[in-house]
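Trainee: Listed below are the residues making up each chain.
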Amino acid sequence: MTNAMRTSAGTVTVERYQGVRADGRFRRLWNANAPGYLFLLPWLIGFFGLTLGPALISLYLSFTDFDMLRAPGWVGAANYVRIATADPKFASAMSVTLTYVVLSVPFKLTFALLVALALNRGLRGLPIYRAIFYLPSLLGGSVAIAVLWRQLFASDGLVNAALSHFGIVGPSWISHPSYSIYTLVALSVWQFGSPMIIFLAGLRQIPQDMYEAASLDGASKLRQFYKITLPLLTPVIFFNAVVQTIDAFKAFTPAFIISGGTGGPINSTLFYTLYLYQEAFGNFRMGYASALAWILVVIIAIFTTFSFLTSRYWVHYDD
Amino acid sequence: MTASVTAARPPSDITKRSLPASIIIHALLIAASLLMLYPLLWMVSASVRPENEIFSSTSLIPSAVDFSSYVRGWTGLDITFGRFFWNSLVISLLVVAGNVIACSLTAFAFARLRFAGRNFWFAIMLGTLMIPYHVTLIPQYVLFLDLGWVNTILPLVVPKFLASDAFFIFLMVQFFRGIPRELDEAAMMDGCSAWRIYWKIMLPLSLPVLATAAIFSFIWTWDDFFGPLIYLNDMNTYTIQLGLRTFVDSTSASDWGGLFAMSTLTLVPVFFFFLFFQRLLIEGIATTGMKR
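Residue numbers (the working numbering), protein chains in the order written: chain A, 8 to 326; chain B, 506 to 797.
None of these hints come from the bench; they were simulated from the model.
Don't be surprised by glycine CBs; every beta carbon is placed ideally from N, CA and C.
Some hints here could point you the wrong way.
Facing chain B, according to a computed beta carbon distance under 7 Å, are these residues of chain A, among others [unchecked claim]:
| hint | residue |
| --- | --- |
| 1 | 138 |
| 2 | 287 |
| 3 | 293 |
These stretches of chain B come out as covered by chain A in the derived footprint (C-beta under 8 Å, 3 or more residues) [unchecked claim]:
| hint | region |
| --- | --- |
| 4 | 541-553 |
| 5 | 605-612 |
| 6 | 626-632 |
| 7 | 661-669 |
| 8 | 778-787 |
Start from the sequences and build out the full structure, keeping to the hints where you can.
Mentor: Okay, here's the thing in structure tokens:
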């Protein structure tokens with residue numbers, strides 16, 4: 008406020024004149040800022056009451072043995088120590104989740120990019136193809152799709168029926184601990200539609216004259232792809248990779264439905280969020296589950312920071 | 506901003522490509538499309554198949570069409586699926602209202618009003634986009650339990666009226682910023698209040714983005730499983746997703762026909778939204794990279 012008065016000579020006199028009366032100054036401040044804050048009021052209430060407040064409480068609870076029945080008792084870092092050293096279910100949930108992330112994200116993005124490239128050629132019927140490929144992504148979060156998937160990969164399900172046409176006897180994908188995770192990966196890859204649409208949007212931003220110039224110079228299609236398309240698309244690839252990875256860390260519904268809420272067989276589909284849910288709402292170990300939640304935050308934060316740090320070596324920003 | 510993404514690129518290379526090449530591409534894309542749709546079509550076909558035929562065939566065409574699975578499924582639990590549909594509809598519509606109202610108010614403040622601390626709060630708002638909901642889950646649950654809101658729709662709906670979906674705020678801020686400044690500056694000169702500018706100028710010009718937010722809100726809420734799983738324990742309050750999951754558990758392997766019939770029904774509203782508002786949905790994804 009005072010700085011503003013000094014910098015603009017014109018307003019100084021006005022400010023001083025009105026500043027004589029304290030309530031005049033207050034009124035000016037009020038008039039300048041009240042509409043903004045009034046419009047922001049619902050969000051501010053939500054931010055303090057539903058985000059910041061709960062986040063701080065959750066951090067506190069992660070150092071307690073809170074179980075919903077008794078008041079939370081301080082246990083220091085005991086929850087974190089147990090997670091790190093003496094919880095085989097945590098280790099297995101983490102490894103299942105990492106496997107899922109590492110397998111599903113690259114496959115999903117590769118399919119998304121390949122299909123986007125195929126569609127981005129001024130094809131007839133583009134809107135229809137685009138819609139068909141996007142539909143599974145849109146339906147994907149629902150229980151019905153998880154139910155369907157469970158049937159597809161059942162031992163007498165469609166996948167095995169299709170395999171039997173080729174004389175292959177498929178395993179019982181869902182109930183075999185070595186295979187169950189792959190059915191969930193397949194489900195995630197099937198839903199490549201939304202990154203595909205973002206790739207399509209990105210491809211359209213690439214100026215056509217770059218390709219024309221490259222063609223005139225005699226560059227092959229493949230070379231144009233590596234030298235023009237791929238570098239110019241790196242910001243979009245980066246964005247898709249970060250969003251999809253964070254999403255994969257948070258996957259819940261398919262694992263819950265397909266395993267009947269257990270994460271079985273033998274914890275092979277015990278996703279991190281499913282384990283967190285079991286601890287919080289199955290065993291009412293709310294303090295412990297809070298610690299699990301914070302570890303998830305830290306992992307996502309580390310991953311995101313790492314992505315941004317490495318991105319400057321491979322993401323090409325056009326300035 | 507939305508226009509730039511969907512503007513058709515001049516199809517300069519269509520003429521250059523040979524006929525066989527485009528036939529091959531179309532053939533590949535059609536094959537891929539069939540593979541994508543096959544599970545969904547199979548489910549719909551299984552829902553009208555005679556029960557004994559469901560697993561014997563990978564074909565999509567049933568030998569006879571029989572809607573009895575729908576009747577069995579609809580009444581398969583103590584409470585009919587009509588109740589679950591109604592509950593889901595009420596929650597979804599309220600969430601749509603909450604998101605559209607609260608997020609547009611917030612976005613208007615961030616995009617068009619000047620006030621001290623605006624950039625600070627905007628940065629905070631963007632920061633909340635990155636926080637996974639698991640962090641606030643347990644304290645929120647305890648809060649809503651203490652308020653006596655568990656087994657009501659309030660925990661699922663009230664937060665939306667407090668603009669808890671930062672994603673839509675971000676989407677609307679982007680859109681509002683694209684509307685010419687002269688419009689509200691002129692209105693401001695004429696003595697229009699911020700509220701009138703919001704209501705009379707900004708909202709009418711922003712129908713596309715409001716519709717996008719509304720449609721995504723509806724579909725995501727309709728499909729949401731986790732929220733209802735935590736807050737709704739009384740079967741009378743169940744949403745369609747919980748109802749379907751209960752049906753899965755109660756019938757296990759005995760009534761596949763009913764299961765697929767009810768699964769198909771739960772997807773119908775989403776499918777119709779998709780059919781009618783495809784363009785808005787695709788623009789929404791393309792411009793902001795909304796998840797899913």
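Trainee: Could you work out which earlier hints the structure fails to respect and list their numbers in ascending sequence?
Mentor: Of the numbered hints, all hold.
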